[in-house]
Amino acid sequence: DAGVIQSPRHEVTEMGQEVTLRCKPISGHDYLFWYRQTMMRGLELLIYFNNNVPIDDSGMPEDRFSAKMPNASFSTLKIQPSEPRDSAVYFCASSWEGNYGYTFGSGTRLTVV
Amino acid sequence: QKEVEQNSGPLSVPEGAIASLNCTYSDRVSQSFFWYRQYSGKSPELIMSIYSNGDKEDGRFTAQLNKASQYVSLLIRDSQPSDSATYLCAAVFWGTASKLTFGTGTRLQVTL
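Here the protein sequences come in this chain order: A and B. The first sequence begins at 1 in my numbering and counts up by one. The second sequence begins at 1001 in my numbering and counts up by one.
In short, the hints are calculated from the structure, not lab data. No experiment lies behind these values; they were computed from the predicted model shown. We put the beta carbon where it would ideally sit given N, CA and C, even for glycine. Hints may contain errors.
As the list claims (entries may be wrong) - Okay, derived cross-link-like pairs now, DSSO-like style, lysine-lysine, Cα gap no bigger than 30 Å in a straight line:
(1) A:LYS24 to A:LYS78
(2) B:LYS1099 to B:LYS1056
(3) B:LYS1099 to B:LYS1067
(4) B:LYS1067 to A:LYS78
(5) A:LYS24 to B:LYS1042
(6) B:LYS1042 to B:LYS1056
(7) A:LYS68 to A:LYS24
(8) B:LYS1056 to B:LYS1067
(9) A:LYS24 to B:LYS1099
(10) B:LYS1067 to A:LYS68
(11) A:LYS68 to B:LYS1042
(12) A:LYS78 to B:LYS1056
(13) A:LYS78 to A:LYS68
(14) B:LYS1099 to B:LYS1042
Stated by the list, open to error - Stretch by stretch, here's where chain A covers chain B in the computed footprint (C-beta under 8 Å, at least three residues):
(15) 1015-1021
(16) 1038-1047
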């Protein structure tokens, strides 16, 4: 099993540009989580899906952020327009019902200049 | 807001010593608690879980939970340089099924 796959690993973009982060969860996992990690705020849950349906998006900072999961093997997190304060490492994780040993992807380091 | 709090450190211990990492949480009705380890530049990985009051041992690691005092701790015996990492405490709060809330982590440095 290749684990949770995220792309790109690094993204540098200019303020105002659209950024799309991608995630492929582990096959058979029915939960998918998007987290953001910064030094100041640690790991923050942005949104999570169960069986491709968004369950809780209360952590999404504002309307500039959106996430989709069109099928069980793919999810995207989009930021439009991006701002310097969005600079962080974005992690995708997947799991299954009742299991809290999430498998995290390698993360996407986003830098907005 | 339900929170998990940790001292950011760094906590520095000599090789072979016991490292003690602490975590407090805000919700008296929290269900389950977890310790994740994150090496620099890597993603978090689960190392321990604990659900009931008391101690739980796994090799060199012991998790301790005290729900009355709302704290959970992680002890690492015979600390090794390879234990140097950031340790994240996480909790599942009642009514937030399947959702982990993480603390900001404590950085541990094991010195030679």
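Checklist line | Proposed proximity, B:LYS1099 with A:LYS24 (alpha carbon, max 30 Å) | finding: 19 Å, holds
Next item on the list: Mind checking the alpha carbons of A:LYS78 and A:LYS68 for me, to see if they're no more than 30 Å apart?
Entry: The given pair, whose Cα atoms are some 9 Å apart, holds under the 30 Å limit.
Check: Hey, A:LYS68 versus A:LYS24, does the alpha-carbon distance stay inside 30 Å?
Finding: The hint holds at about 12 Å.
Next item on the list: Please work out if B:LYS1067 and A:LYS68 have their alpha carbons no farther apart than 30 Å.
Entry: 37 Å, violated
Notebook entry, point to check: B:LYS1067 and A:LYS78: Cα distance at most 30 Å?
Noted result: Violated: B:LYS1067 and A:LYS78 sit about 39 Å apart, past 30 Å.
Checklist line | Holds or violated: B:LYS1099 to B:LYS1067, with C-alpha atoms at most 30 Å apart | finding: 19 Å, holds
Check: Do three or more residues from the stretch 1038-1047 of chain B put their C-beta atoms closer than 8 Å to C-beta atoms of chain A?
Finding: Contact hint for the stretch 1038-1047 of chain B vs chain A: holds, 5 residues under 8 Å.
Notebook entry, point to check: Is the straight-line distance between the alpha-carbon of A:LYS68 and that of B:LYS1042 30 Å or less?
Noted result: 25 Å, holds
Note to self: Please verify whether A:LYS78 and B:LYS1056 have alpha carbons no more than 30 Å apart.
What the structure shows: 41 Å, violated
Next item on the list: Quick one: see if chain A covers the stretch 1015-1021 of chain B, three-plus residues with Cβ-Cβ under 8 Å.
Entry: n = 0 at 8 Å, threshold three: violated.
Margin query: For a C-alpha distance cap of 30 Å, please report whether B:LYS1042 and B:LYS1056 respect it.
Written below: With a Cα-Cα distance of about 26 Å, the restraint between B:LYS1042 and B:LYS1056 holds, given a limit of 30 Å.
Check: Do the alpha carbons of A:LYS24 and A:LYS78 lie within 30 Å of each other, as the hint requires?
Finding: Holds, at roughly 15 Å.
Hints 4, 10, 12 and 15 from the list above are not met by this structure, while the remaining hints are.
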